[in-house]
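**Q** Spelled out from the first residue to the last, the chains are:
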Amino acid sequence: MTTLVAMAYSAVRRMFDQVSATLSSSGRNHLPSRMRRSRSDVNQDEFRCYSVFVARVAIMVMLAILIGLLTLLTWHFTKVYTRASLNSLAYGLRYELLQRPLLRMWRILNSTVEITTSQVRLSEYVIRKYGKGENQAQQVELYESMRDVTWALFSSRRALNSMSIKYRNGFVQAFQRDLRDKNTYYIYSNLDNYTMVEPYSMNRSSTHQEWNDQMIHGNVSAIWYREPLDPDTGRKTGKQQEIPPDELINIAGISQVPDGAASWHVAVSKFTNSPLLSAALPVWDEDRGSIVAVVGVTTALYSVGQLMKELVDLHGGHIYLTSQKGWLLATSSSTPLLRNSSDGYTLMMAKDSQDEIIQSAAKWLNKTYHHKPPLNHEIHSATATLGHERYYIDSFFLNLTRLPMVGVLCIPRKNIMGKVDAREIKTLFILISASVCILVVGCICIFILTNGVSKEMKLRGDLISHIDARRKAEASSNFKSQFLANMSHELRTPMAAVIGLLDILLCDDSLTNEQYATISQIRRCSTALLRLLNNILDISKVESGKLVLEEAEYDLGKELEGLIDMFSVQCKNRNVEAIIDLSDDMPKVVRGDSGRVVQIFANLISNSIKFTTSGYIILRGWCENLNSFSNNENFFVDQRALWSAYQKKIKRNEKRTCKSDNTMILFFEVEDTGCGIDPSKWESVFESFEQADPSTTRLHGGTGLGLCIVRTLVNKMGGEIRVVKKNGSGTLMQLYLILNTPVDIPRESYRLKFAEHNLKVVLALSGRMSGSIISRWLHKLGVPIWEANEWNELTRILQELFKPTSYTQNLTYEHSEAESLNKEGVKMTVFIIVIDIGMLNISTNIWKEQLNFLDAFTRRTKFAWILNHDTSNTIKIELRRRGHSLMVNGPLYKTKMIQIIDAVIKESRLEQSKKYIDSHERLHMNTKNSNSSEITETNSTGSLQNEETNQENFSVYGVVSNCFPELTEVRSEWGQLTSSRNDNSDCEQETRQADQKVKNGQKALAGLHILLAEDTPILQKVATMMLEQMGAKVVVVGDGVQAVEALNIQKEVENVEKSCEPRPFDLILMDCQMPKMDGYEATEAIRRAERESESHIPIVALTAHAMSSDEAKCLQVGMDAYLTKPIDCKLMVSTILSLTKCRT
Amino acid sequence: MASVPQLQRQFIEYTTSLHNEGYLDDQFSQLQKLQDESNPDFVVEVVSLYFEDSEKLLNNLATALQQKSVDYKQVDSHVHQFKGSSSSIGAQRVASVCVHFRNFCEEKNLEGCLRCLQQVKQEYILVRNKLEALFGLEQQILQAGGSIPMME
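Each protein sequence line maps, in turn, to chains C and U. Numbering-wise, our numbering comes out as the position in the first sequence, counting from 1, plus 1. Numbering-wise, our numbering comes out as the position in the second sequence, counting from 1, plus 153.
For reference, chain C alone in the conformation it holds in the complex (with noise of 0.2 Å):
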């Protein structure tokens, strides 16, 4: 057992060596091989296996072991605790054999004893009764009766074989039974040589020996007879023989009781072949003085030999008795126990048996014990081999005084355990066969298994590998964004710069033509190349996530009309209409990063313009309350479609929607003439560098980035676009973008105002399309239109209007009269006739004759001149010699019909006051155009358009307005005086004081405190003068620590005199990159300390970094404005003034 344990353990030892060693270097390779992977891939799949295959093999080793362990345990249990009880069983069976033939032979002996005993007892009661005998006849008498006793006693005993009394005379009376022929018979010698007188003369004190000797020597010559008997009743049957003495019977002589005790041994009978048991007692006489005869008996042993034979018949096996010297008393067996010699039988030695078995278990226990058996120690061994197989041998003793004796018992182990080790032979073989199926099974459920690990294993593996791929490839691509802004940044600054040397070179007169023309060209890819950079830009910021929107307010519509403007000069190149129909809804500001919406539109409208040839582009727009949107609106065909994917969304992102109330959904469409989008390619096209037809490349440049850009912007504005289909040729984009108006932003409601004057108008528009929009919207406002498209066209219904003839004359007519009736206040219809300059011939003199011809309607109607960009200052000049005023830049949109109309009502309010006073309308027209002129300095738009370019201050102003509260002042004061003019004679005054408030504008910071956080000197310097000279009070700290002391000991003053003589900073202008405490970190400090007082100071960030991601972290920090250096005075100062506004 230890052994196996040794071994199972050195087994288990070697494993757990082996798998620790393939784990440990599992671990040791496993970063290096994690790092390259790339490079050995193989490896590393075969190193995979390799472990997997060892771990198996590991496990399958383990479980053998574990149940052949349990397989061995069960098994020696089971058998050492059976084999434990059944050893006790057997012990107990084999004592109980043994003891049988033992207890037989005591009461054998017993009886022999007994008989001895009485016979004895009778004798010396026989011989007193006739001791007496003088005579021979006394004498005869004597061994008559004691004939009969002995005969009574021997025929009571069977199993007697003989009994023999000898006397002192040495006559000799017995009886015997012979065995073989069943006959009993009685020997006696004859009385003749015996005197009766001689045995009590003898010396009571002579020896035994002497006694005996003679007595024996003397009856040599004895004749001796034998008679048969009748066994049943002892009668005489047949006639005495004579025979040798001694020659039948052992006699018991005097010899074999010496000391005068009964004595036994063993003696062999001439007639009997197994041995016999014989004993012997002496007689006394009266007083014990000395022997009178001696009794012996014999007994046979044979049957002890029968209850052997018995015993062993019933369980196998062999018994047999020995004396103590080993001579062979009785055995189980049927071979002979005594040796057939010369001189007759002798008894014989055990290890001399001629039963094989009884030889070798003798001569087993003689070398067992070296041939001297021990006294009173019984032997018991299981484990005797004789011949060919194992028996128990088992020894008793039987401790006879003259006689001791000895049994072995042998049995066959298989007689008593035979089946039990079948058993156990078989119970091992089972569980054996069990365990190793039991293996079997665990090694293929093992195998299954670790098969599934492994190849998840190997699957985990791939995906690791893939994912580390992954991202790899995506930390590529970032990789890719950012290089991609990086350089294109830098890509842009020495474009800048050879743009701008380009246009150096173009201003130089000395160039030859075609040099201009080679300049020219390079001019344009070079612009081409700066976009096309500027696209990569904004693509890559996008990709790399650091396009921020910009949260600012801003007029919407007039964005995209300054958009349409500027392509309408390239449009009009190439004679396309530019279009822009903003419907009357449209909230006028809103709050977004103006810079990208007018990208998004830019890219779309010059994507047309490229792919459009002749008609016309509109860029129409829309809006929908988010919370009011109702069905019936059909202006567009496929507007419910977009609509639909925009409700989709919504559900989407409710919570974000719902937050903001004012949030409106501007839709709009971009619509062109041109040759169009197969439906294919209408989701494609906003993919990156994709062009709906590769070959448009080599025909209208570009690269595709265009609109990509595009949707990223709307995406990242949470709207969406898409190409819709269209009637005709051409491409349909809509597109909605969802953005936040300011609340309550009142509209004006041109219908009132247009109704209060009775306006008719007739356009003459070379544009088809963009005359009838216009048409269709006064229409809708109640304005009596008509349109003309060509020069004909317009004379024709100008005749009609205004001659006598027709009925519309008639009507105005009836309207002139009733203005001349109605001085005082009475509306007046007013005509205006806006033309295009397109309409006049200029290519001949016509235009003169045209110029002409209108003349006569100049005082009945005002003329609204459209111009080109490209119209000749000479028109120009004319027109105004003729009066015509009223000019404004093509294309005409609805703002600036607006303009036109306002302008046209306050002309003709003028006339008519100036009907009143003449006086007064020069002064006025003096300031006005004092006035104008000034302003129009800085317009780029000319000085030549009085009327138009007062009207657009006036939206300036209203745009600027949210920033400038002081302008804001002084622009209403403005309207106020510009609406109180009729009666004002002394508005030149008011207006040098307006003038004078714009000034003071200037002032714009009187009165303000503020705390100023910068280390550099000289920004502290430049600052400072800054902010001084417009009247603020300037407080300069070196760092971030000292501004938040500085307030600290503000706050303490504070706190302590009320009367709060040094004025609290109304705002602190705070430089990010500072010594020893920068601004945000200050901005934190600050913002920590006034959470518990609950005030709010404006930190404005002066920062070089003009990132918006910067602007970014310093809203973050709790700044709430940002400027960028060097310092922008004006943008500082509308800051400043924003943030403060709201405080005082």
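The hints are simulated quantities; they were obtained by calculation from the structure and are not laboratory data. The C-beta atom is built at its ideal place from N, Cα and C for all residues, glycine as well. Check each hint, because a few of them may be wrong.
As the list claims (entries may be wrong) - With a cut-off of at most 25 Å between alpha-carbon atoms, the simulated DSS-like pairs for lysine-lysine come out as follows:
no., chain 1, residue 1, chain 2, residue 2
1, C, 1114, U, 226
2, C, 682, C, 727
3, C, 481, U, 274
Stated by the list, open to error - Listed next, the stretches of chain U that the computed footprint assigns to chain C, with coverage defined by at least 3 CB atoms under 8 Å from CB atoms of chain C:
no., segment
4, 186-193
5, 197-204
6, 222-234
7, 237-246
Following the hints, complete the assembly by docking chain U onto the known chain C.
**A** Frame of chain C; chain U shown alone:
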């Protein structure tokens, strides 16, 4: 001695050339606009402050770059400061070299840093000479009793 208008014209031409050659930008004209009767020497004051500061910074930079282990953070902050002051005075070219300088700082490129330091020094000296010349002209105009013409 030249006449005042001549000097004035010279002044204007010089200033324009400075702008055109990129030595100065709008920021400088803003500074000039800030100068008024209450603060007649404003520009000179600021510019001399700038000179002092710059020389200190340049010295600092030179010593910082001569260290065995260069503290790029410190160098970077110096350059940043120099850039800030230069741009607020309108010394455009100095500022633009500073930008490159900072890039090298980020890369920890000692060679590039040293090269940039030389460039910055050159540019700075150039700008200083130009500005000093400009102030000299101004001085002459004032001595001649003229007023300094405002730039548009």
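**Q** Are there hints from earlier that the structure breaks, and if so, what are their numbers?
**A** Checked against the structure, the only hint that fails is number 3, while the rest are satisfied.
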